[in-house]
Amino acid sequence: MAGTGKAHLRDGDLVLRVEDLVMEFPIGRTGLKVNAVSGISLDVIRGETLGLVGESGCGKSTTGRAVMQLPRPTSGSVLFEGQELTAMSGTSMREARTKMQMIFQDPISSLNPRRKVRDIVMEPLTIWKRGSAAERSTRVDAVLEDVGIDPTRAAESQPHQFSGGQCQRISIARSLVLDPTMIICDEPVSALDVSVQAQVLNLLEDLKARYGLTLIFIAHDLAVVKNISDRVAVMYLGKLCEVASSDDLYARPAHPYTKVLLDSIPVPDPEAELHHADVVGEPPSPVLPPSGCRFHPRCPRADEQCSVEEPQLRDLGGAHFVACHHPYEVPVVLTTSAATA
Amino acid sequence: MSGFQSASRSSEGTLLEVTDLCTHFRTERGLVRAVDGVTFSIERGKALGIVGESGSGKTVLSRAIMGLLPKRGTVQSGSVRFAGQEILGLSARQMRHLWGREMSMIFQDPMSSLNPLMKVGRQITEPLKIHLDMPRDDARQTAERLLKDVRIPEAARRLNQYPHELSGGMRQRVMIAIALACGPTLLFADEPTTALDVTVQAQILDLIGEQRRDRNMSVILVTHDLGVVAGHTDEIAVMYAGRLVEKASTRELFANMKMPYTKSLLRSIPKIDEPSHTRLMTIPGRPPDLVNPPKGCRFAPRCAYARDRCHVEDPPLVAAEQPDHVYACWYPVGSPEFEERDAEILTQSVSIGATVGVET
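Line by line, the protein sequences are chains A and C. With our numbering applied, the first sequence covers 1 to 341. With our numbering applied, the second sequence covers 342 to 701.
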């Protein structure tokens, strides 16, 4: 769970490369600090969807926001389209943010309640003075239609006149008008009913194809993350536990924490065997994180080494990486790709 | 009210009987039919799941039974019999004899349901002193034992802490301890784990189940998540637009669901054993406005299997082949009309995977 390693980083057409990202928040004058993110490295290839999962407080949202430099991370490097964001001036950062957008959990409170929906979606274009007024108008209508919102109604209505699912569609439209390269979705469906959640997930998949997007999808619901992601990174208390392709991670979890998370998912089938996850309690405080592997106090497989030595991310073969001293056996099936690598 | 005490303590039989319950709210826009003719019952020691989307009336139903709705502006009819006695329409003063001792409720948001200015210990001992006239020291000891029952470590120290000093999962455990304090025979759990992480969710659901068995308590689990009820209930009632549309034992429901609505809800959940990027089946639109519910079957406007009849005639609750399985649908799952349409839909959803579902 230490995951300070970088074995999982790749070459290729990268949109984003994050190295040794650290985010600390001092607590008043106590001299203590919240270790929200403690040395995470990630990369996202163009057109890929990276899922970030973990319990609340694991630093997944902080990671998403640190990538956007909201606020700037304590240390580490964030390369977006080859540009180092952490060293950028405020003005160029604003410019860069037009290419990376964010969608938030609560769709209703992330829209200005006093404005007309169409104006909300139009605003980014107005601020950046893109095109003529007529061009902007056409663009906004096209995007609204793409997300399934009637532009005429959007011109007349305020956010409260729409349902939660529709407000999330509006937030998505707002993030799309500037034609971004990457969208960071922070728990975009967790406030929605299952029926609406499915609509929004399908919509994101369609828009990703239509607009050529790269996505970072942050969520605590593992089934949702699996559905939408190509690659998944599991986080625990500011560290990475395991990184693998979506199908591989769920078929062959190697990290005890990943296994616990998977076993805890309620299965909509009464015949399914109820796994009683062999983990106790809740994550400890990120103010004074445990030594060694941060998961060791709750881990069913922990021994002495785990409390002393921080495990590094290592390759298990087949682009499956784990930061654990005692991972579960993972049958290596993709031997061909391992041999060529 | 001592009659309730003795009658409700027998160990078998029906505990709660709800018959044709209607709960309507007067608003500026007209009468909102939040609960519109719901009938069900629950046996002692059993767990019933009430499932539905937001706006289906599931929360109003549980509050109407508990007598927690404001009297002003609420129009109620029907019957709610608890341990053989009618409780619908009782005043808050009369209901107070039941709250805590006979029925209690766990709410969704543990932070806003606990008093932030009161130590945890006092919040648990308060009902013990008020409802059971327990002396202070006894109440204190009982509170400590309750915290141990709900697996809170260092129970004695926790009694002297404020809610903000506890994590979300711990606060929900405190809520459960308060709800269990006076040994209720019926526990309502309204979305008890929605605000919690998956690992904690599993622990809390197991805890509620364990307490139910230990205390022979009935539990009504209200949730939108079919995954949550599957492993933790004996029976499931599915609600839509203020009505009960399907009810069966949990096993029978999942093996043999009849309502296209139930089927569609289940299909819209992403499954962990499906490969990633599997196209999800959706239910277009959202639940209807309960001021003017649609004619005929209330689900018909969103139902992919609806035919002309569904938009005109309201389907009654009818019995399925299995005993105790009821549903309200003209063309249920398994009927030739349903299967014919379903085959079309399944082929379509593969070929037109790129269309955007418009929410109306």
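It is worth saying that the hints were derived from the structure and are not from the lab. It is possible that some hints are incorrect.
Straight line, CA to CA, 25 Å or less: simulated BS3-like cross-link-like pairs of lysine-lysine [unchecked claim]:
id, chain 1, residue 1, chain 2, residue 2
1, C, K412, C, K387
2, A, K99, A, K259
3, C, K636, C, K612
4, C, K604, A, K208
5, C, K636, A, K259
6, A, K129, A, K99
Cβ-Cβ distance ranges computed for the label pairs, FRET-style [to be verified]:
id, chain 1, residue 1, chain 2, residue 2, range
7, C, R463, A, L32, 53 to 61 Å
8, A, D106, C, R592, 48 to 56 Å
9, C, E654, A, R94, 56 to 64 Å
10, A, P113, C, Q502, 48 to 56 Å
Residues from chain A shown here face chain C by an in silico Cβ test under 10 Å; the list is partial [what the hints assert, rightly or not]:
id, residue
11, K6
12, L9
13, E84
14, Q105
15, S109
16, D186
17, L192
18, D230
19, I265
20, P297
21, E309
Each residue gets a CB set at the ideal place from its N, CA and C atoms; glycine is no exception.
Status of each hint after checking the structure:
1. C:K412 with C:K387: 30 Å, violated
2. A:K99 with A:K259: Roughly 36 Å separates the two Cα atoms, so the pair is violated.
3. C:K636 with C:K612: Distance of about 34 Å is beyond 25 Å: violated.
4. C:K604 with A:K208: 28 Å, violated
5. C:K636 with A:K259: 48 Å, violated
6. A:K129 with A:K99: Given that 25 Å is the threshold and the Cα spacing comes to 15 Å, the pair holds.
7. C:R463 with A:L32: 53 to 61 Å: With a Cβ separation near 30 Å, C:R463 and A:L32 fall outside 53 to 61 Å, so the hint is violated.
8. A:D106 with C:R592: 48 to 56 Å: 37 Å, violated
9. C:E654 with A:R94: 56 to 64 Å: Roughly 60 Å apart at Cβ, these two residues keep to the hinted range, so it holds.
10. A:P113 with C:Q502: 48 to 56 Å: 37 Å, violated
11. K6: 25 Å, violated
12. L9: For A:L9, the interface hint is violated, since the closest Cβ of chain C sits about 21 Å away, which is over 10 Å.
13. E84: 32 Å, violated
14. Q105: 12 Å, violated
15. S109: Not OK, violated: A:S109 not within 10 Å of chain C, min 16 Å.
16. D186: 16 Å, violated
17. L192: 9 Å, holds
18. D230: Hint on A:D230: holds, closest Cβ of chain C at ~7 Å, below 10 Å.
19. I265: Status holds, d = 6 Å.
20. P297: 12 Å, violated
21. E309: 25 Å, violated
The structure shown violates the earlier hints numbered 1, 2, 3, 4, 5, 7, 8, 10, 11, 12, 13, 14, 15, 16, 20, 21.
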